[in-house]
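*Asks:* If you want the building blocks of each chain, they are given just below.
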Amino acid sequence: MNPFKTFTGIVAPLDRSNIDTDSIIPKQYLKSIKRSGFGVNLFDDWRYLDPGNPGDDHTKRRINTDFILNQKRYKDANILITRENFGCGSSREHAVWALMDYGFRVVIAPGYADIFYSNSFKNGFLPIVLDTNIIDRLFAETFAKDGYTLTIDLEQRSVITLDGTAFLFTIDLNLQKRLLQGLDEISITLHHADEIKSYEKKRQMETPWFFPDAKTGD
Amino acid sequence: MNYQTLYDKLWDAHVVHDFGDGSALIYIDRHLIHEVTSPQAFEGLALAHRKPWRIAASLAVPDHNVPTTDRHVINDPVSRLQLETLDQNCSESGITKFEIDDPRQGIVHVIGPEQGASLPGMTIVCGDSHTSTNGALGALAFGIGTSEVEHVLATQCLVLRKARNMRVSVNGQTGKGITAKDIVLVIIGRIGTAGGTGHTIEFAGDAIRALSMEGRMTVCNMSIEAGARAGMIAVDETTIDYVKGRPFSPKGGMWERAVAEWRDLKSDPDAHFDKVVELDASQIQPQVSWGTSPEMVVPIGGCVPDPDKEKDSVKRVGMYRALEYMDLKPGTPMTDIRIDKVFLGSCTNSRIEDLRAAAEVIRGRKVATNVKLALVVPGSGLVKRQAEQEGLDKVFIQAGFEWREPGCSMCLGMNPDRLNPGERCASTSNRNFEGRQGQGGRTHLLSPPMAVAAAIAGHFVDVRDF
Ligand code: SF4
Numbered sequence: 280m281n282p283f284k285t286f287t288g289i290v291a292p293l294d295r296s297n298i299d300t301d302s303i304i305p306k307q308y309l310k311s312i313k314r315s316g317f318g319v320n321l322f323d324d325w326r327y328l329d330p331g332n333p334g335d336d337h338t339k340r341r342i343n344t345d346f347i348l349n350q351k352r353y354k355d356a357n358i359l360i361t362r363e364n365f366g367c368g369s370s371r372e373h374a375v376w377a378l379m380d381y382g383f384r385v386v387i388a389p390g391y392a393d394i395f396y397s398n399s400f401k402n403g404f405l406p407i408v409l410d411t412n413i414i415d416r417l418f419a420e421t422f423a424k425d426g427y428t429l430t431i432d433l434e435q436r437s438v439i440t441l442d443g444t445a446f447l448f449t450i451d452l453n454l455q456k457r458l459l460q461g462l463d464e465i466s467i468t469l470h471h472a473d474e475i476k477s478y479e480k481k482r483q484m485e486t487p488w489f490f491p492d493a494k495t496g497d
Numbered sequence: 515m516n517y518q519t520l521y522d523k524l525w526d527a528h529v530v531h532d533f534g535d536g537s538a539l540i541y542i543d544r545h546l547i548h549e550v551t552s553p554q555a556f557e558g559l560a561l562a563h564r565k566p567w568r569i570a571a572s573l574a575v576p577d578h579n580v581p582t583t584d585r586h587v588i589n590d591p592v593s594r595l596q597l598e599t600l601d602q603n604c605s606e607s608g609i610t611k612f613e614i615d616d617p618r619q620g621i622v623h624v625i626g627p628e629q630g631a632s633l634p635g636m637t638i639v640c641g642d643s644h645t646s647t648n649g650a651l652g653a654l655a656f657g658i659g660t661s662e663v664e665h666v667l668a669t670q671c672l673v674l675r676k677a678r679n680m681r682v683s684v685n686g687q688t689g690k691g692i693t694a695k696d697i698v699l700v701i702i703g704r705i706g707t708a709g710g711t712g713h714t715i716e717f718a719g720d721a722i723r724a725l726s727m728e729g730r731m732t733v734c735n736m737s738i739e740a741g742a743r744a745g746m747i748a749v750d751e752t753t754i755d756y757v758k759g760r761p762f763s764p765k766g767g768m769w770e771r772a773v774a775e776w777r778d779l780k781s782d783p784d785a786h787f788d789k790v791v792e793l794d795a796s797q798i799q800p801q802v803s804w805g806t807s808p809e810m811v812v813p814i815g816g817c818v819p820d821p822d823k824e825k826d827s828v829k830r831v832g833m834y835r836a837l838e839y840m841d842l843k844p845g846t847p848m849t850d851i852r853i854d855k856v857f858l859g860s861c862t863n864s865r866i867e868d869l870r871a872a873a874e875v876i877r878g879r880k881v882a883t884n885v886k887l888a889l890v891v892p893g894s895g896l897v898k899r900q901a902e903q904e905g906l907d908k909v910f911i912q913a914g915f916e917w918r919e920p921g922c923s924m925c926l927g928m929n930p931d932r933l934n935p936g937e938r939c940a941s942t943s944n945r946n947f948e949g950r951q952g953q954g955g956r957t958h959l960l961s962p963p964m965a966v967a968a969a970i971a972g973h974f975v976d977v978r979d980f
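These protein sequence lines map, in sequence, to chains B and D. Counting with the working numbering, you get residues 280 to 497 for the letters of the first sequence. Counting with the working numbering, you get residues 515 to 980 for the letters of the second sequence.
Derived from the structure by calculation, the hints contain no laboratory data. Don't take every hint at face value.
[To be verified] Lysine-lysine pairs mimicking DSSO-like chemistry, simulated, CA-CA at most 27 Å apart:
#1 D:K843 with D:K829
#2 D:K523 with B:K481
#3 B:K480 with D:K565
My request is simple: use the sequences and hints to build the entire structure.
*Replies:* Next comes the structure, spelled out in structure tokens:
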């Protein structure tokens, strides 16, 4: 995972609450056994007018010009602002992979579904929580100005507007550190290998029915 | 004295290392695996030259992509590759897997409890949000993403932040004809799809206690639709009777020891909950969803709601959108809505009790002519076999239903079972999101008896007057 660095990016507004992971990346694309290539099918049912399938040439599909992300001004967006309960529903990590593959690095919303939130950090993708009234303001400013940008400073935990207003957000310090350093969570856990083994030993004594595979007598 | 909730107890019993900031390294007893969310995890493991930590903790089964007609004809090459990838990953790593034609194959959340692979007191994970189903056994069970699947494979642990405690009590007795599905839909309607976010829900109260294990699984299954990653129910005699004698359950002296421990798997009387919701069971009516979120439900006697009466502007916009997608007008009585397809299945409602209750409603009747397809998809091969032994398959077939092989099927339509654009479906599944059962398809969630009654009537009806 690459370390998360401060950056300034174009904002795209998606003014809907309860956006579920089925909408972020529809089921037919989950058949892929890879982690990449999901970007062209991000929000597939909303982005295109005709139904799509894995392997289709997406350049031949009919674009839904009413869908906001299809507007030229948001073409190079890498910050998404949206509403309450983003990423609800299915646990598919493909939702995060699709957002990132499309080019997003950050999403800003008043709240997220738990699994989506946790999946984001595993991929170096930052979900920022801000108050609804701040989000309202960001929506208004994004709509009002072509090429509206925000600066995301994870170290300072702040979202900074063009005029220099900084909105602070809270984030678990561990998650912040992991993102800033691009740490591999599995290798961190494996530093605790001895503790895992002694936990297993203890539990094999206390609750042996969870360890039918354990050799007895050692 | 430190009083604990059931969740606190399960959490404490699984802490391998406490990071001291509200998060901990938590040991995972059971890891269930299916074909959709695991390939990238196995790939990650191989790339890092890691091996699974403890293969006996894992159990794999294909379910999302499997055809429900002829098992061995998988026309879609992409589906086939995903199924083959699961085969290959399991055989290379030595993880037990139920083959597609094994009678024990079925939806991952159905087979865990059915096999006794999910037990009270366990931590149970799967790369699938409805893993919460297993919480009905008095276990801490929750869905995880693919990176976490890889993490569990590599370390048998997860780094987790402890959730808050929430109790939903359904007090008193439900009326005649009310099922577990109606109870959970009412709960979601009340607290909303984000109501349980950041919490683990314990379902309690007389009406929950009175449910069978199948019913409890239906309730815990939809915890995720209420925003909670995990839902659970305390262990009682119903739980212990259910677990007894299952293939993976402890036997002999070990069984006695296990049961003695399991009896303590309940919240202490004075345990603290951060959030408490109380419902009166006697007020619960059969529910039908009208919109594109599981919280958009009304009683069958009700009408499609009017967004103009909603004060919250974000909600109001969501309602307009849902009405447009569902092609419904405010004020329409739910019983006037005609349907095109019926789906009886999914990890919410495909266990034997669901099939029995549905068969009871339709015995000797016929599916309405406007209903193009009425599908029954049992949750597992063993459920299917049991139903056939009881003659339920004949009841369904004679009424005009199709009797299929087990799998996820039209719950999400990754296999060929799906809705066409504009089709309206009475479905016993758990999600009515836009396009969930097929692009442009319109899903209404309801209980198995309500779904099959709608199949017979051709529109929604109150199963109690049926
Ligand atoms: S039946 Fe539906 S909800 Fe359940 S695991 Fe399968 S796809 Fe998911």
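*Asks:* Would the hint linking D:K523 and B:K481 be met if the CA-CA limit is 27 Å?
*Replies:* holds, 17 Å
*Asks:* Decide if the proposed pair is consistent with the structure: B:K480 and D:K565, CA atoms, cutoff 27 Å inclusive.
*Replies:* With Cα atoms ~20 Å apart, B:K480 and D:K565 stay inside 27 Å; holds.
*Asks:* Holds or violated: D:K843 with D:K829, Cα cutoff 27 Å?
*Replies:* Judged against 27 Å, a Cα distance of about 17 Å means the pair holds.
Violated hints for the displayed structure: none, as all numbered hints are satisfied.
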